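Chains as they are written, first to last, in my numbering: chain A, 1 to 313; chain B, 1001 to 1472.
Don't take every hint at face value.
Rough simulated footprint, nothing fancy, chain B against chain A, three-plus residues with beta-carbon under 8 Å [said to hold, decoys possible]:
| id | stretch |
| --- | --- |
| 1 | 22-35 |
| 2 | 51-59 |
| 3 | 159-173 |
| 4 | 202-210 |
| 5 | 222-231 |
Just so you know, the hints here were simulated from the structure itself, not pulled from any lab data. None of these values were measured; they are calculated from a predicted model. C-beta atoms are modelled at their ideal positions from N, C-alpha and C, and glycine is treated no differently.
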Amino acid sequence: MRVATNSYSAAMLNQFNTLVSQQDNLQSEVSSGLSVQAPADNPGAMETTLDDLAGQAAQTQYNTNITTLQTRATSVYNAMDSLQKLTSNIESIATSASSGTTSQATLTNDATTVQQAIQQALELANAQDSAGSYLFGGTASTSPPFTATTDASGNITGVTYSGNSSVNKVPVSATASVSIDVPGANTTGTGTPGLITDTQSGADLFNHLLALQTDLAAGNQTAVVADAAELQKDDSNLISQIATNGAVQTRLTNAATFATTQATGLATMIANASSTDLVQTMVQLNQAQTSYQAALQSSAKIMQLSLLNYLPT
Amino acid sequence: MIGLLGTLNMAAQSLQTQMTGVQVTGQNLANVGTTGYARQTVDIQSTPDIATSIGPEGSGADATSIQQVVSSFLNSQVQSQQSVSGYWSSQQTALQTAQTNLDEFLSGTAGASGSSTDTSSTGLSAQMSGLFSSFSSLAASPTSASAQQAVVSQAQNLASTFNQVDSSLSSLKDSLNSSLTTDVGSANELLSNIASLNGEINSAEFSGGTANELLDTREQDLENLSKLTDIQTTTGTGSAVNVTIGGQTLVSGSQVLDSLQTYDAGSGQMLVQTATSGTALTLTGGSIQGTIDARDGTLATLQSGVNQLASTLITQVNAAQDAGYSATGTSGTTFFTGTDASDIGVNSTLAGNPSLIQTSGTATAGGDNSVALQLANLASASQTTLGNQTFSDSYDQTVAGLGDALQTANDQVSNQTAVTTMLQTQQNDLSGVNVDEEMTNLMGFQRAYEASAQLVTTLNTMMGDTLTMKTA
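Turn these sequences into a full structure, and let the hints guide you.
Below is the structure:
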């Protein structure tokens, strides 16, 4: 077969370009760990990977939301726990004061203690999270939900609630949303029970404390007995709320585990779709390098062959 | 009987003939690396016999012509494949640029196992995920200043990327139109060259000469024209080649009957027609049609998809946002401005004061997250205007569509390169110069020349002997 002299160089050039391009692509795969980097590399795998990356970003976001909720849930729990302890303490005072043997001086001192407890409860009921959002205002969380009215001495004589009974729900998975919030008051009889005032449980902490303070100051031990019974409802309501908070926190932990598992699964799917098989790629790279060396060496030999080398000068 | 003088003439003629062979060999060797050069051979024939009483007597040999070694079949095959190669190459170039402009690539770093451990994407996909994530964060903390600022920043990034992608794709469309104009200009120049060469070739051959180099040049021009557009060639008067493009004969003999020009078919969509008759041409190959198909096919679909995505995002986000209230109870601050990818932007009022984001469903509850939740839920909501797909699915499909088209172009270019290379190798093996062969030919001609010279010497001696014999 006749072969033109410049066919050699043209063919060699084509082979060199092909082999260099192969090595370049394989080296890029090895360094990035990706067999798919551009849409044209594998359109189907690219589409799947982009879908999975979006899913992974969503799962990461769910975890971020869960962390935010857990932080807020801890703040809510701490406030509720303090309130419950405060209520339990006052309930003990009320029980003790209603024994019928307590002196008026002691009752007056107890009334002062209750007034201080009301102040403390007000502070707890108006607690904020790290972002400045009020914990117990319902969705009206941008201003203090509880406002006190005071007498000339600065003693609280009444507390009004300016929040609402709605609560926010936050997505923690593609199909689930969780609410960690507790409204300060819920007098609708439905929905999330109120923390301080709640129709369903009969809780009305501030009014019950104010009534107890008044009855203690007046030495009305009969009324104090009734007040102690009312405080029992407040205490029960708070304990119930704390239990609910614990349950929600457990749910958040489970949701976080689920989101992490989902993200890990998606990472595996991304790796399956777009990651390179290192062993196979390295073997291919070695083959390409060997082919390139062989092409260079054989080309050098062929280029040296010419009749001119054998003709007498 | 031709006698001593006749034999001397025959030897002299032989010297001329072998010298012609050496000259042709030299020409071939000189053009061993010349692209498009077809090797030449000298046609040596015996001169007519002279009738003598003892029978016909030879009178030597003469170089009757210098021929090119070419195959018109291979030439036409190469032209045809060049046209297909040109079509796919121009598509590949346009789509590769679009892929770069879209900037949707995966990146990662190989881990211990070799697989990527931190695969991430660039471009609109990641930006959209970022925006929806920021909406979700805002739903978790609707009054958080940092969450509000994050939403605005993510939205600005996304809008900026939309603007950039649209601008790049529009620039690409303009570049393709410019490329069309340039290619059409090149095609016209080649048509003009081919017509001129037709005339020159016929003139040279009419006067009994050869026009091998002009034929080579014309063949190169035809191949180059084939890369630009599909052509049909027919043999014209003499050795002329007539050229037809899109059913219109543009070159007939040495005449350029018409030329090509681009025209605006509307909205800057440049197409090709004949310049004089104004006939719109339907082409099927070559870089000109490849450019047109890439521009009006995949790229138009891509740009339309990106615009539809941006338009739907603007509509949906604004619809949710407009029904809400900010944490301080204000309303009426639109989120996105603009209508599509070219002009989408974040409302400057909102950008300057992120606390105006309307996350609440009621004016009296600043901490309500119902609108923020709606915004976050857009991530997984099917959109009618996106073919009942989510934003992410729609965009991913658009990206895959571009990838499919470019992959096809890459495969076609690869296949066509192989086919064209094979044909060119065949063409080259037939018409190209082989140095060893030429050196062998050279030795043959040289030896023949030496022999003829020796004949002259011998005849000279014989003639001298004859003259000596006469004087003696």
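Each hint tested on the structure:
no. : hint    : result
1   : 22-35   : holds (count 5)
2   : 51-59   : holds (count 5)
3   : 159-173 : holds (count 6)
4   : 202-210 : violated (count 0)
5   : 222-231 : violated (count 0)
Violated hints for the displayed structure, listed by number in ascending order: 4, 5.
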